[in-house]
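Chains A and B, in that order, give the protein sequences. Just so we're aligned, residue 1 is where the first sequence starts under the UniProt record's numbering, counting upward by one. Just so we're aligned, residue 1 is where the second sequence starts under the UniProt record's numbering, counting upward by one.
It is possible that some hints are incorrect.
[To be verified] Here are a few chain A residues that face chain B, going by a calculated C-beta distance under 10 Å:
1. Phe426
2. Ala450
3. Pro457
4. Gly599
5. Asp602
6. Arg604
7. Ala605
8. Val606
9. Lys612
10. Gln621
[What the hints assert, rightly or not] So the derived label-pair ranges between C-beta atoms look like this:
11. Glu48(B) x Gly363(A): 55 to 63 Å
12. Ala76(B) x Asp430(A): 30 to 38 Å
13. Phe46(B) x Leu473(A): 33 to 41 Å
14. Thr465(A) x Thr2(B): 54 to 62 Å
15. Pro396(A) x Ala76(B): 53 to 61 Å
16. Glu4(B) x Ala584(A): 38 to 46 Å
17. Pro559(A) x Phe46(B): 51 to 59 Å
If you're looking for bench data, these hints aren't it; they were derived computationally from the structure. None of these values were measured; they are calculated from a predicted model. Heads up, the beta-carbon is just placed ideally off N, CA and C, and yes, glycines get one too.
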Amino acid sequence: MCGIAGVVLLREALPPPRLEDVGAMIQALGHRGPDACGAYRDRRAALGHTRLSIVDLAGGQQPLANEDETLWIVFNGEIFNHLELRGELEALGHRFRTRSDTEVVVHAYEAWGDAAFARFNGQFAAALWDSTAETLVLARDAAGVCPLYLAEHEGRLWFASEVKALFAGAPGLSRALDPVGLAETFTFWTVVPPQAVFQAVTELEPGHVRRISRGLGTDRAFWTPRYPAGPGEGFQGSLDEAAERVGAALGEAVRRRVLQADVPVGSYLSGGLDSSLVAALGCQARGGRFRTYSIRFEEPEYDETRYQRAVVELIGSEHQELLVRREDIAEAFPAVVEHAERPLLRTAPAPLFLLSRLVRDSGVKAVLTGEGADEMFAGYDLFREAKVRRFWGRRPASALRLRLLERLYPYLARSPVAQRALAREFFGRDRERPHAPGFAHQTRWRPTAALQRLFSPDLRELARTAQVTARLLGTLPAEFGSWVPLAQDQYLEIRTLLAGYLLSSQGDRMLMAHAVEGRFPFLDPELVELANALPARYKLRALREKHVLKRAAASHLPPEIVRRTKQPYRAPDALSFVGPRAPAWVGELLGERAVARAGVFDPRAVARLWRKCRAGSAAAQLSHSDNMALVGVLSTALLHEQLVRRRPERRAAPELGTLVDRLGEWPGSEAPLQRRCGP
Amino acid sequence: MTVEQRLRQFVIENFYVSEPAELHDDTLLVSGGYVDSTGMLEVIGFLEQEFDVRIADQEMTPENLDSISRMAAFLARKRREAAAGGPTVAAAP
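Just chain B, same shape as in the assembly (with noise of 0.2 Å):
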């Protein structure tokens, strides 16, 4: 399963999605209604626990969080930041 099915199954399952043909990879989930403003906590911990990372205070922002394809990029990114030997564990906020 890709990391973009991951999220979506998450997505579709967390925040009761009746039509998920209807949310695309590219959906906005905030303003898109699907999560609300204490919906995203489930979001970051489902990211923190699923794929052993940890998001620090200034990564929650809406252009890393807020669809399935920004949540993946944001991931990838993190992966490549740790493979090229920078932090896996972000600084404490």
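Bound-form chain A, shown alone (with noise of 0.2 Å):
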């Protein structure tokens, strides 16, 4: 992966883009790509890039063109496919001068359109400018892997793969946090695309393609997930057929990107079903050295050291473990928020960016993930309880029914089912209503919200009218009501968690922070529709989740990693945060002070937040609650300081590999002529 950046002009009186702010923007994001970088430039647009080298090492400097030079692309990702469109796109007449799959994109647009987006099998930001038709084209991947960012500014339209590179572009642009970013993170956990924590800022919907022409924009969808509608919908064959054919198409895709790259590739292996599958499947991929990397605890309750070995015994990875104590993560935690550019709410990050640290010390620049694998094969307990609940909720009085939820939570020191009577209270909202949108969710989102009553007094009454749950739930798809439980239930982890947090936060800003690339088979297009379009019940079966994956993974991993129950990855939490060793920012920024200029939170609150974390430490005595309430509070004044408060020096871009100005071409422009410089 790589970062891109640039500016189109919105209106036609503006003076031209300057070459030092896309310069400045691809300083921003220098850790993306320390490899090359490179600009394009004329009247009304400039492109920047930075670049990760990991296919066409000699030939794939950015930014590209056509071959009449005009369209013009910056690019961040991989597709997969590119070989095979590469074939069709020569037999339609066009030519290439590289091997880089980014060529690929520029003659897919000439050729198809926007309609080239929903051919590529891949994960991807592109920019593309048409310097003739005036029109700039931004386009991200369907499950959104990669990140893009827009603000409008002036008269013109910033775009970059992370928000600080927009604020080193802009500087005069408003880095105010947004009360209905803050809103959704203190619900769902994470922003969810279009919205973002700055108000000045929007971010580009995974599976979306944004037209600028002549100062005007529109969005239009070029994927969305979709589910059976009725029970002749979908894949119609037998649960071994089914398991049959997600080997298959998993196999495929680690295969295709294992093989599609011109440097090696690792898997990380968190010992569970997913990371164990795809680390496997990659060994054989690979058919020789192979790398494997984990994160090991010192809590028990986290570790998953004894499972990682068992497959990496099994399938003989080269294999580096990275033990990770509280106070490493208190250490990374500041860089991690500046990365990860929002509040988090755990610190479950912190550990990624310190492997892909080790990742990239050892030489390697990619790396398979298994993520994806609990949204589209049901994997998360979220869908277990839901199911409970909706079991449950046809017959009330059933004791029996009831204590199905005690099964949910055996991996948690402190369950919320401990209570039987209270457990009931809590997980019996609702239950008169099972199929109303956001069922499944109100049980993650309203303990969420309700750390909302930390938010100063403004906030909380901005946060309270902006109703983002009613929000977020008026923009289901029409057919939603049309789709099985479980599948609504999907759609809603994927619409809120997976871009926002997932790929985000625990991906791309903790891999690329470190300049890798994360690879996630789980998303591969052909394996996503396939995984949709199975019934439930081969996806969930009784209580058993990602039964079908099991089924398919049976052949190539141990019946103890098959078999064994799922351990979501978790990190410690406030605990980090707290104690003899724990770093003096953390205090400087809780005091009334820092809590007050924030203007987020209420510092009266927050001490009282702070003296029982501290207090709670003591007896490990801290509810879900407050670990995600600590973390929140943190990681918001980590943001403020760094991104709101904070205005770094602006820097000039590294020396530009390749350098397209073609202001020079316009008449009477005072500007120097076309130059080029580099291969």
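Starting from two chains that each stand alone, build the complex the way the hints lay out.
Shown next, in the form of structure tokens:
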């Protein structure tokens, strides 16, 4: 992956883009692409690129153009079917200068327009500038692996892979935090694109194209999740046939992601089903030396070392482990937030930030990860919980049905179902409306939204009126109600958490902080289409999650991995920031003056929270809400310090390997004539 | 300090209420978002320690615990039972 950035004029009478602005954006994205950088400019637009070289190491410098150099592109990501598309495009008469997949995107867009994006099997954020039609086209992959942010300022549209690049390019852009973005975060655990946490910024939605032509912008979805609307639709084969199809599709997805690279590709290995299967298939595809990477924890509640080592022994990978302690999390957390660019309610991204550094230090630039399997094959506890709650709701007096809840959270030290009568109250809400949109998720959203009582009075009022849950549920697709309950739950999980949190805060940002590309076989478009077409009972059978995937995995993994109870990836949260080894900045940021200055939280409420966490740490008596609250407050405070209050000194771009400056071609321009540097 | 006041102070301090005036004695703590399902463990621990009672599993209900006034009434009932010679220590579950 790489970093992309740029600007296009939205009004005629403005001066042309300045190279120094795009240079500053490139500089701000330097961690994403240390291998090369380049820029393009003309009278109305400028594009910038910073490169992580993975495919066509010699010839893939960007910006790239079509044959007559009327269409320019900066591209972040990978197209795994680019060789097939290249053949098709060559047959249509297109000529290629490089082996790069980016050049395929240019010609595919020429050939098929916006329809090209649905033909890509890949992960990408792309900006194409048609200098003849004076049209900018921005596109983002279906799952939302690659980020793309936008901001309008003084008659210009700025875009970039990260928000900090927007601020670097347009220093006058407001950096204020957005009440709706904060309310979404303190409800869904993240903002939901297009919402961002900064008032002036939006995020292009996954699977969308935005076309900006002569000042006007239009968005269009080229892909959205779809599920069978009735028993006659979707996959009609047997469970065995489904498992075979899933196994084959996943094998092909892994193969594409291991072999479509001119550098070694390794794999993360958590010890759970998904990453173990991906690592095993990756090792097979590689057919030789293959590297795997794992996180270990000192606390048994989080640690999965035993399972990781069992898989390593089976597949024979070259394995590296990283032991992450609480103090490591605390130390890394400021950098984690600076890269995530949003409040976090969990510390789980921090170990992944540290792991990507280990990967990079070992000389590997790309890793496979198992993310996406839980969304596509119904692996989350939330799906099981909703199934029990709906089942119980059909016969509310049944004590036996209620007791099924007790089987849901065996891995939690403080289980939310420990007190049966209280659990009945908590999980029984809405049971008369089991098919209402959001039924499954309200048990997560309500306790999280309750943390808004920490907000300052003004923000609390704004958050209340924003009604983010109603807003989200008001944007569901028309066919949502025709899907089975599990499909509805999967859709909402994907819509709220996949791109906004999982692929961003735990994925792209933590990986690209150290210039490592994540590759996500479970988000392969062909596998996703297949998974979505499967009957719900193939995914969640009774309370057995990912049933069809486990069947597909049985021939690749030992039974102890396939049959093990799912253990969600978690890391020590609030306890990382209290105790004698806690860094001094924690107390400083939670002090009354700092909290009041940021204006997000009520200093008295934060003082109470901080007091409780310090007292509670001695006996480890902190609830899930306390953990989320402290991490949420701390990360928001860090975000405010880093991206709102502090204005980093503007720095010029590193030396541009490619510069195409066409400003001089315009009559009357005082700018230098076109020059081209680099290869 | 009355029982209600002690309970109120505990909830404000431990569930970091920013506007104590908004917390009434009959405010529902779980559905009102002040206490989550695991936070109720803290409430139970506080009641047992502070008021020297044992709360049995079957007594851990919203009717007994989900507001300051319900908790106060529950504690008063436990004390009446104790004064009348009833069990002060509930049977183990």
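Now for the hints, and whether the structure bears them out:
1. Phe426: holds (4 Å)
2. Ala450: Hint holds; Ala450(A) Cβ to chain B Cβ min 3 Å, cut 10 Å.
3. Pro457: With Cβ-Cβ at 7 Å, under 10 Å, it holds.
4. Gly599: violated (14 Å)
5. Asp602: At about 4 Å, which falls below the 10 Å cut-off, the nearest Cβ of chain B leaves the hint on Asp602(A) intact, so it holds.
6. Arg604: Hint holds; Arg604(A) Cβ to chain B Cβ min 6 Å, cut 10 Å.
7. Ala605: holds (4 Å)
8. Val606: holds (7 Å)
9. Lys612: For Lys612(A), the interface hint holds, since the closest Cβ of chain B sits about 6 Å away, which is under 10 Å.
10. Gln621: It holds, given that the least Cβ distance between Gln621(A) and chain B is near 7 Å, below 10 Å.
11. Glu48(B) x Gly363(A): 55 to 63 Å: Because 57 Å falls inside the window, the suggested range holds.
12. Ala76(B) x Asp430(A): 30 to 38 Å: holds (33 Å)
13. Phe46(B) x Leu473(A): 33 to 41 Å: holds (37 Å)
14. Thr465(A) x Thr2(B): 54 to 62 Å: With a Cβ separation near 36 Å, Thr465(A) and Thr2(B) fall outside 54 to 62 Å, so the hint is violated.
15. Pro396(A) x Ala76(B): 53 to 61 Å: Hint violated: Cβ distance 30 Å, outside 53 to 61 Å.
16. Glu4(B) x Ala584(A): 38 to 46 Å: Holds - the Cβ-Cβ distance for Glu4(B) and Ala584(A), about 40 Å, lies within 38 to 46 Å.
17. Pro559(A) x Phe46(B): 51 to 59 Å: violated (45 Å)
Going through the hint list in order, the structure does not satisfy hints 4, 14, 15, 17.
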